[in-house]
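Novice: Next come the chains, spelled out residue by residue.
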Amino acid sequence: NAGVMQNPRHLVRRRGQEARLRCSPMKGHSHVYWYRQLPEEGLKFMVYLQKENIIDESGMPKERFSAEFPKEGPSILRIQQVVRGDSAAYFCASSQTGSTDTQYFGPGTRLTVL
Amino acid sequence: AQTVTQSQPEMSVQEAETVTLSCTYDTSESDYYLFWYKQPPSRQMILVIRQEAYKQQNATENRFSVNFQKAAKSFSLKISDSQLGDAAMYFCAYRRVIQGAQKLVFGQGTRLTINP
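Sequences listed follow chains A and B, in order.
Letter by letter, the first sequence follows residues 1 to 114 in my numbering.
Letter by letter, the second sequence follows residues 1 to 116 in my numbering.
Hint data in this document are derived by calculation from the structure and do not stem from the laboratory.
In this text, all values refer to a predicted model and were calculated from it rather than measured experimentally.
Heads up, the beta-carbon is just placed ideally off N, CA and C, and yes, glycines get one too.
Computed Cβ-Cβ distance ranges for the label pairs, DEER-style:
hint : chain 1 : residue 1 : chain 2 : residue 2 : range
1    : B       : S30       : A       : G3        : 32 to 40 Å
2    : B       : S80       : A       : R20       : 40 to 48 Å
3    : B       : E61       : A       : Q96       : 16 to 24 Å
4    : B       : T27       : A       : R78       : 30 to 38 Å
5    : B       : T18       : A       : E63       : 45 to 53 Å
6    : A       : I76       : B       : T18       : 42 to 50 Å
7    : A       : E63       : B       : E29       : 28 to 36 Å
8    : B       : E61       : A       : G28       : 22 to 30 Å
Turn these sequences into a full structure, and let the hints steer you where they fit.
Specialist: In structure tokens form, the structure reads like this:
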């Protein structure tokens, strides 16, 4: 079984550009979570999605950030008009069900904003 | 809101010896999950061990075991017979069991160094 896939692994953007991060969950998993890790810090929850639904977005910044998990295709985390403070590692995790299953993580996308 | 605290930013141990990483958490709930994740230099987050709060028995996975003290809200990780490949950042995490609220709350991490 392939694990959680994220691409790109590294992404460089200039201030003001848009960043799109993709996450394909493990086969059979329909729950996706996005986390952000700033340098030398732990991971912070951003958003939890099921297919076509946002379940919990309590960790998402109110502006410039959005996430989706369409019926077909990967989950997308989109950051508009990036700023230097957005530079971080963004991790996606997936689980088979929501309430009891372990979350398995992808390798992360390292975003650098110049 | 739940919080997780790892009070040891860095730890080191001699190869083949035992080391214990500390974690405390704050919650008013009686049922929840606790996890230890390992993040090696590759930055991949790897699940080490999982504990359900309603289970009194401490979880074990080969050389990894936990000391879960529910009343004290403590969840330490013991690594026996340390190996060079155990060198990594270790994160303790808490998760609620309520449907729709399954986000992981992480501690700040402990960097473990293994001395040959």
